[in-house]
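Novice: Protein chains in written order, with this note's numbering: chain A, 1 to 307; chain B, 1 to 310.
You may find that some hints are simply not true.
Claimed, not checked - Here are the computed lysine-lysine pairs in the BS3-like style, where the Cα-Cα straight-line distance is at most 30 Å:
{"#": "1", "chain 1": "A", "residue 1": "K163", "chain 2": "B", "residue 2": "K215"}
{"#": "2", "chain 1": "A", "residue 1": "K16", "chain 2": "B", "residue 2": "K115"}
{"#": "3", "chain 1": "B", "residue 1": "K89", "chain 2": "A", "residue 2": "K21"}
{"#": "4", "chain 1": "B", "residue 1": "K89", "chain 2": "B", "residue 2": "K215"}
{"#": "5", "chain 1": "B", "residue 1": "K215", "chain 2": "A", "residue 2": "K16"}
{"#": "6", "chain 1": "A", "residue 1": "K21", "chain 2": "B", "residue 2": "K255"}
It should be emphasised that the hints constitute simulated quantities derived from the structure, not laboratory data.
A quick note: this is a predicted structure, and the numbers were derived from the prediction, not measured.
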Amino acid sequence: MENTNTNINIVAGPPKSVSQKLKDLGLYIGEHFLYLILVIVFIAPLVWMVLGSLREEKEIFANLYPFTIHTFLPIKWTINTYLDMFGISEVGIMYGLEFQKFMANSLFVSVCVVSCSLIFNTMGAYFFARLDFPFKNFLLIFVVATMLIPFQATIVPLYIVVKDLGMNNSFWGLIIPWFASPFVIFALAQFIKEIPKELDEAATIDGASLWGILWNVIIPNAIPGIITMALLEFQFIWNLFYWPLIVINSPDLQMIQVAIANQTTQTQIFWGRTFAGSTLASLPVIIVFLALQKWYIQGVATTGLKG
Amino acid sequence: MTTVPISSTDKETSFLARLWSPRNRYYFIAFLFIFPALINFSIFRYLPIFAAARSSLWQYSLLGGYRDFIGLQHYENMMIDPYFWKSMKVTALFVLMKVPIQVVLSLVFAILLQKETKTSAVVRSAIFTPVVTSVVVVSIIWAMMYHSQLGLINSMLSAFGIPRQIFLSDPDRALPAMTAMMVWKDLGFSMIIIMAGLKGIPTVYREAAIVDGAKPWQIMRHITLPLLKRVLMFVVVTQTIFSFQNFVPVYVMTKGGPMDATKVIVYYIYQFGFLFQDMGYASAMSIVTLLILLVVSMIQMRLFRTDVEY
Numbered sequence: 001m002e003n004t005n006t007n008i009n010i011v012a013g014p015p016k017s018v019s020q021k022l023k024d025l026g027l028y029i030g031e032h033f034l035y036l037i038l039v040i041v042f043i044a045p046l047v048w049m050v051l052g053s054l055r056e057e058k059e060i061f062a063n064l065y066p067f068t069i070h071t072f073l074p075i076k077w078t079i080n081t082y083l084d085m086f087g088i089s090e091v092g093i094m095y096g097l098e099f100q101k102f103m104a105n106s107l108f109v110s111v112c113v114v115s116c117s118l119i120f121n122t123m124g125a126y127f128f129a130r131l132d133f134p135f136k137n138f139l140l141i142f143v144v145a146t147m148l149i150p151f152q153a154t155i156v157p158l159y160i161v162v163k164d165l166g167m168n169n170s171f172w173g174l175i176i177p178w179f180a181s182p183f184v185i186f187a188l189a190q191f192i193k194e195i196p197k198e199l200d201e202a203a204t205i206d207g208a209s210l211w212g213i214l215w216n217v218i219i220p221n222a223i224p225g226i227i228t229m230a231l232l233e234f235q236f237i238w239n240l241f242y243w244p245l246i247v248i249n250s251p252d253l254q255m256i257q258v259a260i261a262n263q264t265t266q267t268q269i270f271w272g273r274t275f276a277g278s279t280l281a282s283l284p285v286i287i288v289f290l291a292l293q294k295w296y297i298q299g300v301a302t303t304g305l306k307g
Numbered sequence: 001m002t003t004v005p006i007s008s009t010d011k012e013t014s015f016l017a018r019l020w021s022p023r024n025r026y027y028f029i030a031f032l033f034i035f036p037a038l039i040n041f042s043i044f045r046y047l048p049i050f051a052a053a054r055s056s057l058w059q060y061s062l063l064g065g066y067r068d069f070i071g072l073q074h075y076e077n078m079m080i081d082p083y084f085w086k087s088m089k090v091t092a093l094f095v096l097m098k099v100p101i102q103v104v105l106s107l108v109f110a111i112l113l114q115k116e117t118k119t120s121a122v123v124r125s126a127i128f129t130p131v132v133t134s135v136v137v138v139s140i141i142w143a144m145m146y147h148s149q150l151g152l153i154n155s156m157l158s159a160f161g162i163p164r165q166i167f168l169s170d171p172d173r174a175l176p177a178m179t180a181m182m183v184w185k186d187l188g189f190s191m192i193i194i195m196a197g198l199k200g201i202p203t204v205y206r207e208a209a210i211v212d213g214a215k216p217w218q219i220m221r222h223i224t225l226p227l228l229k230r231v232l233m234f235v236v237v238t239q240t241i242f243s244f245q246n247f248v249p250v251y252v253m254t255k256g257g258p259m260d261a262t263k264v265i266v267y268y269i270y271q272f273g274f275l276f277q278d279m280g281y282a283s284a285m286s287i288v289t290l291l292i293l294l295v296v297s298m299i300q301m302r303l304f305r306t307d308v309e310y
């Protein structure tokens with residue numbers, strides 16, 4: 001800021017008047033002030049959650065009024081709440097908490113769905129992007145139309161079907177309905193279409209079968225797309241709530257999102273534990289997202305625009 | 001067939017040979033690639049709709065199973081059910097508040113943050129983080145933030161000397177409070193899509209306009225917005241459909257209260273199917289919701305139809 005006066009003669013291009021420079025500086029400060037506000041608004045609730053799980057519960061309430069830095073920042077840091085959640089501490093054993101069970105369930109279901117979905121959706125995408133078939137356009141409409149079916153509004157009917165198949169209250173009921181996705185087929189088909197066709201043709205001349213081409217030519221070239229879709233699918237399943245809520249009755253099979261929601265609907269709510277449970281339920285996906293952000297956003301942009 | 005056995009087997013083998021021709025063999029193998037997905041969509045996407053249409057014509061509960069056939073009785077009841085209409089009103093109000101605010105804000109932020117600088121990348125990530133956070137966690141944390149005594153928002157307001165406010169237990173404020181939260185959560189998603197749309201506009205148009213001496217807002221009004229119409233249409237349609245099916249925040253934060261002020265249609269369907277044990281009525285309402293959403297999205301696509309191609 002002190003440089004505003006000394007710089008006048010150094011700046012290349014048409015010299016700017018002092019008032020113009022002040023205006024630029026004002027714009028710059030205004031813009032960055034807005035950025036700061038935005039970051040605070042969008043991050044503060046999550047920071048409050050994570051930091052709230054790393055302190056004693058009394059501390060959360062004691063520092064709420066007046067509003068200071070310690071409303072967020074713990075004075076005494078502790079991981080006791082997490083020990084409670086995992087049933088390692090005395091309090092945790094007393095309340096019979098074993099949150100790791102729900103995390104393991106969610107992880108198991110997510111991994112199963114993502115792997116099944118990658119196999120079957122990649123096959124489907126390859127079919128639409130490359131293969132010849134008499135009724136291909138009809139099949140395409142059949143697949144695209146499923147995207148128009150509203151998901152939450154048809155959960156009750158889906159439950160009727162899954163119950164008739166005898167899959168309710170089991171991992172089957174959580175996994176089987178999601179092993180194929182029209183959105184993923186569509187996005188992957190876009191990726192596969194961008195792979196040069198000459199590669200397939202060369203492989204065909206070498207005597208490769210369709211499976212051979214898919215495995216040796218298409219999949220290695222579509223890895224970025226496949227990883228992006230795996231990320232989106234993982235997030236979708238890990239965050240699933242309504243479906244496990246109605247399809248699973250026994251607490252032992254329950255997924256993490258339903259487990260934390262149940263914890264808050266009990267008569268006595270423990271804020272510390274709720275913060276810790278929420279952190280455990282959301283941080284895995286947030287960390288994966290921050291680490292692989294570029295691919296992630298690309299995935300949303302492609303499925304969003306072309307799906 | 002039994003009268004001329006020899007010639008018929010001849011014909012059959014040649015028919016089979018034709019059926020198993022190299023071309024048909026190729027088609028058969030190709031079909032195997034899409035077959036699992038087709039099975040999934042038939043059973044878990046299309047069949048539920050038929051199952052719902054069927055059970056909406058019966059007295060049907062999960063415990064009692066099918067009882068009497070009652071025809072369109074459920075649909076007639078729905079027409080005179082004041083709670084059904086109330087929940088439709090609440091749902092429509094939620095969508096009408098949330099979608100316009102969200103789309104306008106995400107358009108503004110997309111334009112503001114499309115620069116390829118480090119700071120704008122950080123702000124973009126911050127805005128996108130709630131999108132990947134589960135809606136359950138978001139609802140739980142915001143319910144705590146809205147808490148009338150112990151909430152973060154009241155603590156912040158107190159720093160400005162504003163007295164404690166009631167949010168979620170006030171019938172007039174509960175739905176707007178929930179709307180604000182969901183705008184906060186979904187904003188990043190629509191922002192990213194609009195940003196991708198902005199990137200897709202060829203720069204020549206903007207450059208030509210600058211050469212012609214157009215002002216920034218003129219470029220916005222006459223070039224960017226018209227070319228962005230298709231992307232905006234997509235965002236409005238998908239966000240309307242998503243928001244119409246809002247369920248989790250209602251389940252976690254308010255259970256439909258206070259005084260049914262937040263009881264949206266999907267929550268009402270859930271109540272009938274799983275709490276009141278009336279799957280038949282719940283199915284009938286699911287079918288009606290499905291039809292409404294199809295009609296709404298068709299109207300919106302018609303309204304936003306654009307002739308501009310680039």
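Novice: Are any of the numbered hints broken by this structure? If so, which, sorted upward?
Specialist: Structure breaks hints 1, 3, 4 and 6.
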